[in-house]
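Trainee: Since the structure of chain A is provided, determine the placement of chain B on it from the hints.
What follows is each chain in one-letter form.
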Amino acid sequence: MHELSLAHDMTRIIGNALGRKVHLDRVNITVGPLSGISPESLRFCFTEIAKIEGFGEPELVINQTRAKLICLDCDTEYEAKDFYQGCPDCGSISRKILSGREFTVDSVELEEGND
Amino acid sequence: MCDDVIEQKIDITTSVMNKNDLFAAENRGFLKGKGIYTLNLISSPGAGKTTVLESMARYFGSRMAVIEGDIQTRRDAQRIEKAGCQAWQIETGGACHLDAHAVKHAMDNMELDSDKLELLAIENVGNLICPSGYDLGENLRIGLLSVPEGDDKILKYPSLFSTINVLVINKMDLLPHLDFDVDRAIDECRSLNPDVIVFTTSAKTGEGMEEFCGFLENQFSG
Numbered sequence: 001m002h003e004l005s006l007a008h009d010m011t012r013i014i015g016n017a018l019g020r021k022v023h024l025d026r027v028n029i030t031v032g033p034l035s036g037i038s039p040e041s042l043r044f045c046f047t048e049i050a051k052i053e054g055f056g057e058p059e060l061v062i063n064q065t066r067a068k069l070i071c072l073d074c075d076t077e078y079e080a081k082d083f084y085q086g087c088p089d090c091g092s093i094s095r096k097i098l099s100g101r102e103f104t105v106d107s108v109e110l111e112e113g114n115d
Numbered sequence: 116m117c118d119d120v121i122e123q124k125i126d127i128t129t130s131v132m133n134k135n136d137l138f139a140a141e142n143r144g145f146l147k148g149k150g151i152y153t154l155n156l157i158s159s160p161g162a163g164k165t166t167v168l169e170s171m172a173r174y175f176g177s178r179m180a181v182i183e184g185d186i187q188t189r190r191d192a193q194r195i196e197k198a199g200c201q202a203w204q205i206e207t208g209g210a211c212h213l214d215a216h217a218v219k220h221a222m223d224n225m226e227l228d229s230d231k232l233e234l235l236a237i238e239n240v241g242n243l244i245c246p247s248g249y250d251l252g253e254n255l256r257i258g259l260l261s262v263p264e265g266d267d268k269i270l271k272y273p274s275l276f277s278t279i280n281v282l283v284i285n286k287m288d289l290l291p292h293l294d295f296d297v298d299r300a301i302d303e304c305r306s307l308n309p310d311v312i313v314f315t316t317s318a319k320t321g322e323g324m325e326e327f328c329g330f331l332e333n334q335f336s337g
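Residue numbers (the numbering used here), protein chains in the order written: chain A, 1 to 115; chain B, 116 to 337.
In case anyone wonders, no lab produced these hints; they're calculated from the structure. It cannot be assumed that every hint is accurate.
[Said to hold, decoys possible] Quick list of in silico lysine-lysine cross-link-like pairs, DSS-like style, CA-CA up to 27 Å: (1) B:Lys134 with A:Lys21; (2) B:Lys124 with A:Lys51; (3) A:Lys81 with B:Lys271.
Chain A extracted, bound-state conformation (with noise of 0.2 Å):
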C-alpha cells in the first residue's frame, strides 16, 4: 500500500535531478528483497503518478538484487531472494542481513527530438 507514496518519491527524485518535468523513455530502479516493497504493486502505482506528474508513460526497469546474509550458526556467508531462504550450508534462519533492504532510483532515459 505504502508503494503509492514511494513512487510520488521517486517522481519528487527524478524532477529535482532533472530540474524539470520531461517525458521518460525508461526508469531503472533498483529494489532489495528485504526492502519490503512489491515490485509490481510499485510499477503500478509509478506508471500512474508518472503520467499525473508529467514524466509520460516511462518503462520501469526494476533491478530486483539478492539479500546478502551471514549464518549466525556456521558463518557461511549466503545470497537469498527473500526472508525465508536459510543457510546453503546447515539450514539455519539464524542470520544477519548485511544487504537487501536497498531501494535506489538509478537512472532515467529520456529522448529528446533535435530540431
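Mentor: Structure of chain B alone, referenced to chain A:
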C-alpha cells in the same frame, strides 16, 4: 529520422528513502538535544498499542509524551490525555504509515521543553507492513503482537519483525482461551532477529507492564 533522436541516460543514484532518513536523523538529533528517549510502537490494528500506552501513561505520568498516528479520528490522543499524558494526534487521512516528516511536524506543535519529559512514544498507524520501512528518528522500535492474532504472524510479516528491537506479546490474559504458542512466536522472531528482547504483557490486567516499563526506564536513565 531516427538519426536526429538522441537517447540521453541521466544518472541519479538516489535512495528513495533518503529524504525520510534525513528527517529521521534530524528528529533523532533534536530529541537527543532535549534528553528525550523515543519509541516507535508498531502493530496491526487492535493489538493493544493504545491500551499499552495508557498503562505506560499511568507509570510514567508527565515524564512521557505521546504522538498518535491514525488514519482518522482523535480518539487515541483523547484516551492518552485522559490517562495523564500530553498527546498529539496525527491523522494521516489515508496514509498507511507515519514518516519522519509527519513526526517532525507533530513535535513542532508539542510542548517538549519540560525538564520532566524523558520519553516520547510514537504510536504508528496500525499496520504490520508499511511502517517497517520508515525510520522516524526513534531510539527503540517495538513490535507488538497480540495473542488473538495467532503465533504464526511473525514469519508472515518479516519486514517488520526483523527490524524491531523489542517484541511485546500482549493480551496474555487471553492465552487460556486460545491456541497461541508463546515459545513458537519467540523462537520464530529470534530466527529473524537474534537480538530481539521479549516481554509478555496484558495491558488490560497490568501483567508484565511493570517489568516492561522498568526496562524502558533503564534505557534512558541507565
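Trainee: Is lysine 81 (chain A) within 27 Å of lysine 271 (chain B), Cα to Cα?
Mentor: Holds. Lysine 81 (chain A) to lysine 271 (chain B) sits at ~16 Å (cutoff 27 Å).
Trainee: For the pair we were handed, lysine 124 (chain B) and lysine 51 (chain A), check the Cα-Cα distance against 27 Å.
Mentor: Satisfied, since the Cα-Cα distance of roughly 19 Å is no more than 27 Å.
Trainee: Against the 27 Å threshold, does the CA-CA distance of lysine 134 (chain B) and lysine 21 (chain A) hold or violate the hint?
Mentor: The given pair, whose Cα atoms are some 20 Å apart, holds under the 27 Å limit.
Comparing the model with each earlier hint shows no violations; every hint is respected.
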